[in-house]
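**Student:** Generate coordinates for the entire structure from the input sequences, incorporating the hints supplied.
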Amino acid sequence: MDRSKNSPESESARRPWLKNINAKIAALPMIITALGIFVGCSIWTIVHSFTNSRLLPKMDFVGLDQYERLWSTRRWLVSIENLAIYGICSLILSLLIGFTLATLLDRKIRFEGVFRSIFLYPFALSFIVTGLVWQWILNPEFGVQKIVRAMGFENFVFDPLYDPQLAIYGILIAGIWQGSGLIMVIMLAGLRGIDEDIWKATRVDGIPTWKTYIVVIIPMMRGVFVTALVLIASGIVKVYDLVVAQTSGGPGIATEVPAKYVYDKMFAAQNLAQGFAASTMMLVTVAIILVPWAYLEFKGKKRG
Amino acid sequence: MSSVSIRNLDLNFESVKVLKQLNLDIPEGEFLVLLGASGCGKSTLLNCIAGLLDISGGQIFINDRNVTWLEPSERGIGMVFQSYALYPQMSVEGNLSFGLKNAKVPKDEIAKRIERAADILQMKDLLKRKPGALSGGQRQRVAIGRALVRDVDVFLFDEPLSNLDAKLRADLRVEIKRLHNQLGNTMIYVTHDQVEAMTLADRIAIMRGGLIQQLGTPDEIYNHPANKYVADFIGSPSMNFIDGKLEDGQFCFADIKVPTDVYPYTTDARSGDVCLGIRPEHVIVGEGAEKLPYQTELEVELFEPMGSDTQIWTKWGGQSFRIRVDGQLKVANGDKLKVGIKIERCSMFDIKTELPM
Amino acid sequence: MSSVSIRNLDLNFESVKVLKQLNLDIPEGEFLVLLGASGCGKSTLLNCIAGLLDISGGQIFINDRNVTWLEPSERGIGMVFQSYALYPQMSVEGNLSFGLKNAKVPKDEIAKRIERAADILQMKDLLKRKPGALSGGQRQRVAIGRALVRDVDVFLFDEPLSNLDAKLRADLRVEIKRLHNQLGNTMIYVTHDQVEAMTLADRIAIMRGGLIQQLGTPDEIYNHPANKYVADFIGSPSMNFIDGKLEDGQFCFADIKVPTDVYPYTTDARSGDVCLGIRPEHVIVGEGAEKLPYQTELEVELFEPMGSDTQIWTKWGGQSFRIRVDGQLKVANGDKLKVGIKIERCSMFDIKTELPM
Amino acid sequence: MLYGVLIVMALYYLLPLYVMVVTSMKGMPEIRIGNVFAPPVEITFQPWVKAWSEACTGINCDGLSRGFGNSIQILIPSVFLSILIASVNGYALSNWKFKGSEVFFTILVIGAFIPYQVMLYPIVIILRELGLYGSLWGLVLVHSVFGMPILTLLFRNYFSSVPEELFKAARVDGAGFWGIYFKIMLPMALPIFVVAIILQVTGIWNDFLFGVIFTEPSLYPMTVQLNNIVNSVQGVKEYNVNMAATLLTGLLPLVIYLVSGKLFVRGIAAGAVKG
Amino acid sequence: VDLEVTHWWTSGGEAAAVAEFAKAFDENTSHKWVDGAIAGSGGTARPIIISRILGGKPMGATQLNHGRQAEELIEEGLLLDITDVAMADGWKDVVNPSSLLDSCTLDGKIYCVPVNIHSWEWIWLSHQAYEDAGVAVPSNWEEFVAAAPALEKAGKIPLAMGQQAWQRSGAFGVMSIAIAGIDAWKAVNIDKDAAVAAGPEYKKVFDAAVNARAMAANSKVQDWNQATNMVITGQAGGQIMGDWAQGEFQVAGQVAGEDYTCLPGLGANEVISTGGDAFYFPKQDDPEVTKAQKELASLMMSQAVQVAFNLKKGSLPVRGDIELDTANDCMKKGLKILADGNVLPSGDMLLSADTQGQLEDLMVEFWSDTSYSAEDAQKRYAAIIGSAD
Ligand SMILES: Nc1ncnc2c1ncn2[C@@H]1O[C@H](COP(=O)(O)OP(=O)(O)OP(=O)(O)O)[C@@H](O)[C@H]1O
Ligand SMILES: Nc1ncnc2c1ncn2[C@@H]1O[C@H](COP(=O)(O)OP(=O)(O)OP(=O)(O)O)[C@@H](O)[C@H]1O
Ligand SMILES: [Mg+2]
Ligand SMILES: [Mg+2]
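Residue numbers (the numbering used here), protein chains in the order written: chain A, 5 to 308; chain B, -5 to 351; chain C, -5 to 351; chain D, 3 to 277; chain E, 195 to 583.
Hints listed in this document are in silico derivations from the structure and should not be mistaken for laboratory results.
Some hints here could point you the wrong way.
Cut-off 30 Å, straight-line C-alpha distance, at most; resulting in silico cross-link-like pairs (BS3-like, lysine-lysine) [stated by the list, open to error]:
| no. | chain 1 | residue 1 | chain 2 | residue 2 |
| --- | --- | --- | --- | --- |
| 1 | B | Lys336 | A | Lys215 |
| 2 | C | Lys346 | B | Lys285 |
| 3 | D | Lys52 | E | Lys226 |
| 4 | C | Lys324 | B | Lys332 |
| 5 | E | Lys526 | E | Lys286 |
| 6 | C | Lys346 | C | Lys14 |
| 7 | A | Lys150 | E | Lys347 |
| 8 | C | Lys309 | B | Lys336 |
| 9 | E | Lys488 | E | Lys286 |
| 10 | C | Lys239 | B | Lys324 |
| 11 | B | Lys161 | C | Lys309 |
| 12 | C | Lys11 | D | Lys99 |
| 13 | B | Lys161 | C | Lys332 |
| 14 | A | Lys112 | D | Lys264 |
| 15 | A | Lys28 | C | Lys98 |
| 16 | E | Lys226 | E | Lys303 |
| 17 | B | Lys14 | A | Lys112 |
| 18 | A | Lys204 | B | Lys11 |
| 19 | C | Lys106 | C | Lys122 |
| 20 | D | Lys264 | C | Lys122 |
None of the values given here were measured: they were computed from a predicted structure.
**Tutor:** Put into structure tokens, the structure is as follows:
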């Protein structure tokens, strides 16, 4: 009866370590990327931010000098402020516009495909192109301002890219133009996933459509918003090309952003360590915001 | 006075006619069940009554008010959905009060109504929970509560129990029935489960392809099906159908002849291709069998003990035939059983028209 | 010789113990049904047998071979899932042959086996279709066929019928039973539907919270439940439980006293808090009632006509009490019924231990 | 009302495209005097011809055509490899969880937020050590790495929505890790592949920095020429040529978007909705 | 061998100039010039160049601003020592000013070929603008400042100025030479004397800069050549810009002295700085390539190539032994100053890229923010100079 003892195969009663070896092998690229590239490079960057590397990375430690200088640099402070403005506005507006467009498209309209393509196509274009076109449209000499003036409003002023107070919003216009289409598609997909019965229930309850969206539908689309947020936020942190193409940070330093500071310090000013210090600050910020969130979002969650 | 009446209702989805010139009158306080196979248009009809679908033609009256073009919330109806359709981010209380708040019902009135609903549905201690933290049955109760608090005249249910497991389904079925007895509202209930239909309904409307095949009490429908489809659809285990010929007052198939004198013909056609429908419980095994006018012997092919009774699969004249016996009767494959058939309780249908003879 | 045996099986999901020191022996050719409420660990146990879950402790033998750490495909099992789990992009034929191709079975052998399976399951003309073009029942048949072609020793079914509607479910149930008769393989079948369990099983294992509560034939389980949980779980409509006291060989509750001399006590405890379990069909109404040792009169509170029979809800001594009568018996709310109770067929449980007395 | 809003929004989105197209068909004199929105008085395709085959990059005056082949050559293997890796990752993450797999995934997602300028030098050094620096494959690898976070997220979500039972059935049928991936999962993942392809084609096609940093001039993608045409600091800006060039460069992703719009939404629905 | 050469000369005139190098290289040697042009400024090109060198797949030759930028690469031993070529060709004797060669030299070894001289210290004035305003064309900075209100009244912008950082920082540099004087300038830029930077001479510069800022307030163009265009069309009075600006005037068909005036050193201190471009040669393993690199180096310095290149580029040759007959008025002025030896080293050579970057940041801010006072700016300026390395 006690087969486990006299069974010829009782050695197989141990758990073979090779189990799922393929899965682990297949995950190697991911592991290497995660550890080798993302973690490795981040550590490398952080370490070098304590040096005074100039053109080439060197292990020549100078303590916190780079950070002291960083935080006493106006341009850096302005960059951060700009990123905050741009980030918050872009986040809110992208979600808002993306969601609004999606709800409009979701109302079983005709030519949905056409509209969808129109809203989405800017995403196919690079930031360089986006920046260039919008720089142009917003140019007071031959853009919107000129048109409106030509229509008789001689005193009309619309030159966001040349007004330090407004310039960052000029960039925002272009950024949103480029990115909101993707958000719209994501939202649309989310809306399509909502149970039809919920809509019926709210109609029976007599809830106005707009209220249904705000009170019922949006809270149900949490997953969609998370994905959208990851996409938008990762784009915001990295915003660089758009600024370079549109204003090169100007007028003055009105539209400087951290990524540009990093890039300029590393490559134009040949002060790698300063760039590293700046990017370390960015990393730290991202980590502070993201790690707890990511932990909750991905770690604890079970399949299904 | 009829609570809901539907006149010549047409409904098309683009070019597909889903409901065709449908008429239906539901007296106040009646529990009407719409029963039919999947896709026959039950939900569509219900949605039309609720005002969730724009109808293509006809009129709908609720409490003698023409509501054909009113908004769902103005029709005095409450609706319960198969997927519950609870608002997941609101607590039970929020779910119940959402519609009321929106209708600007005063706070204390809301509280009163919620309390009453919670009382009736026994979910006082659930009020603060979110739907995600409720079991299937509890969610269903909240969904019913949502209709309840709105103090409506007519309740609409769209397969409210089909997502639940059998035991819970049976329990909630009884609860709904109790609720109906207690409230006395008109209720229209969609299902494709005949047990639900039989047990709940005052009247059942059997639908097929957008048409109502038969409208009647469960008893009428069970015992006097309007056609073969209804006969087949109702009853579990379902009716046995034996194809044969009617010749000289005898039902003949294979080399078997069954005298049908006791069958109450409704038409004069005394011969032709017919189909004899025999419910399993009208086949008697053992003692009682001898008293019946027609007897035969059948061999057990397969049996399904179900506790209180056992189903037995046999062949009668080469055609598959199912009977039901008491669960205490021990049978084995290959056993020969002496059976008697209550011919007077059978149904006979014309094979072509599928109408009863 | 036992086909599947499980020794001290432990399974934890992280810190939650889902299966606890479970032992089970299944003789060759047996049809074993795992029955239990949702979440009791049925699927988990089946997945452990199939090798789809890595167990935390214990051993599993299939045909006397220790398969504890073998891959699912090497265990000689075939599995059928609730959602069919057909490969949507492959034709039926592709679905059937996928496993064989993986196992490098020669082409002509594959063709032969598919033909045989198609024969058995009557789906010859479906072979070229994609699963999307099949009805629910047909899909289920393909899913079974997929296990069939692999010529396995043990078939595992995880609620294979719960996605189907009632009528189809009944039909396929019979088909599976036939298949078992024909093939004679060992089959392990998970369900939470007791009708399925009763009709299909050679033996039933009733599970609860990761433990097997009772393992026995349907008859044993129905008539001799090992505890109150099992008694409650099995039977539809389910058993009535009346709480009371056992005093001097009489079961007392409210001001009612039921003599229990005919009840076959298994312990000597002749008094204490007990609970009397009475199946609805052991309550006889009408003629037969008079012959029974205990009789009383009950009032109809609610009735559910189900065609062939009618369920009646009453109160007996203040406690809710359900009985079943023939469908032909006409009742109305408020009717008083004379009933007799077959005390010798009842079960009695200790209220604390829930074990039978 | 509904359509009104939609049409107004559509105009906002179409305006820049209109400007680009219109400008690209004007002559330089017309551009100097007119406004950007005026339609061309005299339509000319000279700027397009120039952008495609005559514009100069340093001393090579063969326009964008020079980089087109390179872009394709970079695009195909990069898209292929990055999607292959990401889809396998997503598959492993949703069906073959192992200890720590979620941790790696979390790191990966956070990696999406790192500005990639920071990683230029370390990656140069890594590639040098691997002996891949300056080669096509080095660049392909870089694209795969930077595409990995978002794509893996999408694939993981998608594969999680595939019923687990299907996966179990395949295991019982004796298919292994790769067997299930290739024979079961891949054929079912068309929508999400469309999404991945679109995202990657856009990203890689529009990339300038990696293309120029990790390869040699013989492999420079089209965007290098575009950058040269658009970003020439000195000399007169030929806006019409710039616009023609940007339109030409953006054509491929644009076409892909228009062709696959429906699938894109479906794929997003499958990959993004479950968080 | 195929020798790849990277540079960021992509505009018409620049590309034509590069083509001269390529032609000479292809014709006079057995090697082939592979062009690796990257548009944009050094900021775009530099990481590419450095990456290539770091990545072990360097190009054959590359443009870099000479001066301190390449020091570290040399220290790392990544660049080729071409002292032997320089000795053989006698560069020491022909390169004028000799500071150009000094900035290619580290520890007595030569690592780069200077190819041209660019000077920043010019102001370009539009005759038409002053005519329209009814004032005489100024001949120095004071007059320029004095004429500004008249221009403004006529609806013109007194001073044209683009938005790019280097333009603003450059213009300030020019003003500081002209206003603070050469000694003060040297003290600040060569000796990094923060006290002088904070001192009264520089205060004058900053005051003047505040003035200039006001004059340029309405100049909303981005690129320098757009600003130049404003001078050409008479919309603006003048522009402080390097000698490359005259290419624009030439293209527009304007004649120096008739349509526009150029004043070196803002008409105050007629000196020019001697910045310029240089080529470096990353070390390679293949001796064949090394040979080709050296041949290219030698070729770039040769008389014929210098003439051909600089005529196209609009810059001054680095050799003192060349006569440029075809040069125009302004170019000749420059050549004369050069010959007189009134030269200063350029900022590139004196200040590290990092310091320049900081100065650019400061200037960008200062020029665009009218609330940024001269005092604050000077304080910051002195701080940067004080911490310069
Ligand atoms: N929005 C729609 N557009 C087109 N056809 C539809 C739509 N909704 C339902 N139908 C069709 O109308 C018919 C009736 O559908 P309905 O949902 O009323 O069936 P049902 O009886 O409720 O079925 P079930 O039991 O499956 O819920 C079906 O054939 C269905 O395909
Ligand atoms: N992957 C998992 N991680 C953690 N807990 C799990 C997991 N899978 C199942 N469980 C838990 O294990 C218990 C048993 O689950 P199992 O799926 O075996 O139940 P079941 O009896 O098959 O129920 P059902 O009838 O609903 O299919 C449940 O409490 C469930 O919550
Ligand atoms: Mg329905
Ligand atoms: Mg289960």
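**Student:** The structure should be examined with respect to each hint, and the outcome stated for every one.
**Tutor:** Going down the list of hints, with the structure as the test:
1. Simply put, B:Lys336 and A:Lys215 have alpha-carbon atoms about 62 Å apart, too far for the 30 Å limit, and the pair is violated.
2. Proximity of C:Lys346 to B:Lys285 is assessed by CA-CA distance (about 49 Å); at most 30 Å being required, the pair is judged violated.
3. Note on D:Lys52 and E:Lys226: the hinted pairing holds, with a Cα-Cα distance of about 26 Å set against a maximum of 30 Å.
4. Among the hinted pairs, C:Lys324 with B:Lys332 is consistent with the structure: their alpha-carbon atoms are about 29 Å apart, no more than 30 Å.
5. Taking the CA atoms of E:Lys526 and E:Lys286, the gap is about 24 Å. The hint holds against a cut of 30 Å.
6. Only pairs whose Cα atoms come within 30 Å are accepted, and C:Lys346 paired with C:Lys14 is accepted, the gap being roughly 23 Å.
7. Only pairs whose Cα atoms come within 30 Å are accepted, and A:Lys150 paired with E:Lys347 is accepted, the gap being roughly 23 Å.
8. The straight-line distance between the Cα atoms of C:Lys309 and B:Lys336 is roughly 34 Å, outside the 30 Å bound, and the hint therefore fails.
9. A hinted pair counts as satisfied when its Cα atoms are at most 30 Å apart, and E:Lys488 with E:Lys286 qualifies at roughly 17 Å.
10. A distance of roughly 35 Å separates the Cα atoms of C:Lys239 and B:Lys324; the hinted pair therefore is violated under the 30 Å criterion.
11. Proposed proximity of B:Lys161 and C:Lys309 is supported: the alpha carbons are some 21 Å apart, at most 30 Å.
12. Restraint check for C:Lys11 and D:Lys99: satisfied, since their Cα atoms lie roughly 20 Å apart, inside the 30 Å limit.
13. About 28 Å separates the Cα atoms of B:Lys161 and C:Lys332, which keeps this hinted pair within 30 Å; it holds.
14. Straight-line distance between C-alpha atoms of A:Lys112 and D:Lys264 comes to about 15 Å, which keeps the hinted pair within the 30 Å bound.
15. Note on A:Lys28 and C:Lys98: the hinted pairing holds, with a Cα-Cα distance of about 25 Å set against a maximum of 30 Å.
16. For the hint pairing E:Lys226 with E:Lys303, the CA-to-CA distance comes to about 27 Å; that is within 30 Å, so the pair holds.
17. With a C-alpha separation of about 25 Å, the suggested pair B:Lys14 and A:Lys112 falls inside the 30 Å cut-off, and the hint holds.
18. A hinted pair counts as satisfied when its Cα atoms are at most 30 Å apart, and A:Lys204 with B:Lys11 qualifies at roughly 22 Å.
19. With a C-alpha separation of about 16 Å, the suggested pair C:Lys106 and C:Lys122 falls inside the 30 Å cut-off, and the hint holds.
20. A threshold of 30 Å between alpha carbons decides the hint, and for D:Lys264 with C:Lys122 the separation of about 29 Å falls inside it, so the pair holds.
Hint compliance for this structure: hints 1, 2, 8, 10 are not met, and every other hint is.
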